[in-house]
Amino acid sequence: MISDSRNMISSSSNMISNSNNVVSSSNKDSSESTEKPGDHSPLTLYDKLWQSHLVRLGSGMMPSVLYIDLHLIHEVTSPQAFAQIKGRGLKVARPDRTFATMDHSIPTTGRLADGTLPVIDSSAAMQLDQLARNCKENGIQLFDITSTKQGIVHVIGPELGLTQPGMTIVCGDSHSSTHGAFGSLAFGIGTSEVAHVLATQCLLQKKSKSMRINIDGIIPKFVSAKDVILYVISKLGVGGATGHVIEYAGSTVRAMSMDERMTLCNMSIEAGARAGIIAPDDTTFLYIAGREFAPTGQEFDRSVEIWRRLVSDSDAVFDMEIDVDVSNLTPMVTYGTNPGMGMQIEEAIPYDAGISQALEYMKFQSGDKILGAKIDIAFLGSCTNSRLSDLQAAAEVIQGQKVAAGVKFIVVPGSKRVKSEAEALGLDKIFIEAGAEWREPGCSMCLAMNGDTANRGQLVISTSNRNFEGRQGAGSRTVLASPITVAASAIAGSIADARYIPELMGASR
Amino acid sequence: MTTLKNEQKSEARSIASEGREVRSITSEGSEARSIASEGRGVRSIVSEGIVLPLDNVDTDQIIPARFLTTVSREGLGKALFYDWRYEENGELNPNSPFNSIASDKTSPVGASAGNSKAPQKSILITGDNFGCGSSREHASWALLDFGIRAVISSRFADIFRSNAQKNGLVLVELSPEDINVLSSLGLPIQINVESMTVQCGEGFVRNFVMDEFDHYKILNGVDELDYLLECRGEISDYENKKTIDRDNI
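Residue numbers (this note's numbering), protein chains in the order written: chain A, 15 to 523; chain B, 73 to 321.
It is worth saying that the hints were derived from the structure and are not from the lab. Some hints here could point you the wrong way.
Which residues of chain B face chain A? A partial, calculated answer using Cβ under 10 Å [as the list claims (entries may be wrong)]:
#, residue
1, T131
2, N235
3, F276
4, E311
Ideal placement from N, C-alpha and C gives every residue a C-beta, glycine not left out.
Looking at chain B on its own, in the form it has when it is part of the complex:
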């Protein structure tokens, strides 16, 4: 248990996709250098899980539209699952898995609430088709700002998946049966991104599959924009070709 706590402190970091110096990569990956040693990639995440046992959790729940009037990517953790975490009268909902109860007082478990007393839970375990609905990337920003570093589900919606891995939010797919087991164990979970395994307690070890490029990006903190900028010559060629060669659809 002591070992786990040490890992918990050191490795779990999220990546913002803007303003970071990252190494660029060629299509063969030959010039790719790992910058994980600089602490920018995500290697492993250790935490107890927040269990949200619902299928089809949509991005309107993750972050309601009225919070989308921001011009920033920061500070959205306060609005995460707002209408499920707070009651009508503005008080924290004691029944929400995002809130913890200690000494009869309900407090949020998120970093953004500045709550150093409640244990940080950075893994969300949830049902099928997480993140469906609107394309708002604000959903990933809100999760990360709240303190969540990984989401475990049986399936992620396409646009949400794409947004998450541009922000270093780790997405893990396990079978619905495994998710049920994990949800009920109530023990700290270790997600090893490098080896693509999930461990929990003594008996639970599972492998998960990740798209190779997503895996590479999350381990190395790669920014897709750098790669695209490297293609500018080819993009220009394409544009010239299209102007001349109208008959080619």
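So that you can see chain A by itself, here it is in the shape it has in the complex:
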């Protein structure tokens, strides 16, 4: 991997200079002939997904009209959208293609003794109420706090079989890119666009540029998909993929489980990408089979036949292409205040004028190691890493160990289903015995809207996706890492490398 890093670095500087041209060149895309049906030039998977959802092809200055197969909503970015369409006397066009959950501001601490939910404040409570009312008024299925299907929106979509290959999927949340793991075109939208989709099931869109990231090599033990994507983003930078849709390909990706692919695609937005896509294969079809909203019987077989065609043509050309070899990858951590400021866990924090404000905020210094930095909180959760396999990986590390004194370790399963499956495996007992807190599903401390907040100055090691200043609480400091690294650090009481925990050496995974 390190031998390829020069390729990565030189590629990424090309990318940064290319992306400055995005504004002027994106104008061309809507009128280019490559979009016309019947054209036989080689197509990327992105091309295929784009073309198959065009309601009206853009021309001149006009963007295209893109049909949206699946619209996921939650309480934070939808109220103003519903108000907007109601104010114009419009109805929701396709309630059958719209599904809602409560995740961002709900508490993860369960009901109080009197049965009430300890929602953080009255405006959050109003927001949750508003979602319930909006869904009821419009006939939209809502997986609310009492539902066994409730959870983080990007966890439950795939879980329920709602997310399927070949779809266009949107949500008022930038981590919508997660669903691209299934070979769908999935991206985040703002509240005004939520209103557009509610009213018409369509969006005005200009086509993005394309990038393919080929990942090869066998991921070493105790290293995970999270480390892979943190590595990629550290090379691309937080604006490195702006204006592009990324396709992840290569043998490493083919060998990944759906959970791992979701972790990769989830963080595409952190490199500035519009979306992240992985071509579906048998792993994908096996995952989907039998899920509640998945096709069944003959229809499933027919769908799989169609889905198999969702690959980039062998001679397809991408605007940017990068190769990554992960065979020597080690656990990654971030040291600064954006997800691009990442490094391998044993490295020293770099010297760079551009990171001085970040290091001042984080109370770190160039030249220092991050290993051994005392932590206050360990957080295992978020749409990046809160699925069953993430909990299992962390449980394997923490089993028989104790959370260090003075450290709070909170474990937030991504959905009610993940929680009950984990409990059936006894994972909850493993975490609780170690001294961790086992919580109800929700976004929780990823963005600290619901009361799960770090205090000013506290250092959190987190499986989430953003380490911006104050993300997990005003004045709090975040280090991003994998579930394994977070668990190891919880035991050590400081940022720790799981590979050096004696009890784990020689343990098979």
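With chain A's structure known, arrange chain B on it following the hints.
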């Protein structure tokens, strides 16, 4: 200077995307009528700049998540860059470019603070990749509610860009070098949206590029939803075709 002040009063208006009567447009633009004369489009913005010389300013800074529990688009200006504008003890941070110091007193320069004494600054000048991170449109609402009408950066994050131009927030891209110069001039800046130029003082005149459709929208106060609603026939055709023609991915 007198001329500039007059322009400052008359033309800078923001557009809310809801509840406005707007003309609809066809794909050829033939039936498009300019409604700028009704004052709904944005033609030019004149103001001194608020200089925030940082790259990668993310939407968590622009509006922290704890302020997202609102069901409204209004009133978010108070929360704009909250953790940078206010100190731990709740006092205004005298070092923030969003606050001004007069007679030893720190006050915010924003309209939402109701501060008629501090000069209104409606142009934000900042570093590369502004608005990265979360898709929260609340970031644009907060900027506009605070009184900011335009942002000048070398590059904007995709989702932020899309949200901004649905709310009439003008985004101007200049080179990092030009931004450095502009930041140091300390003079009122005139952004002419129609001609896509930025002027400042005697010697600084630059052109900027804007996506044609974004340009059209911002000049004419166009609402994308109207355009989409006009496509309902085609949308219906598409849906019927998809039901029948399953083999076409």
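Problem set entry | Residue hint N235 of chain B, partner chain A, criterion CB-CB below 10 Å | Where the cut-off is 10 Å and the nearest Cβ of chain A is about 4 Å from N235 of chain B, the hint holds.
Exercise. Regarding the hint that F276 of chain B lies at the interface with chain A, is the smallest CB-CB distance below 10 Å?
Worked result: For F276 of chain B, the interface hint is violated, since the closest Cβ of chain A sits about 21 Å away, which is over 10 Å.
Exercise. Measuring from the C-beta of E311 of chain B to each C-beta in chain A, is the shortest one below 10 Å?
Worked result: Since chain A brings a Cβ to about 8 Å from E311 of chain B, closer than 10 Å, the hint holds.
Exercise. Given T131 of chain B was flagged as interface, is its beta-carbon under 10 Å from a beta-carbon of chain A?
Worked result: 9 Å, holds
Against the hints set out earlier in the document, a violation occurs for number 3 only.
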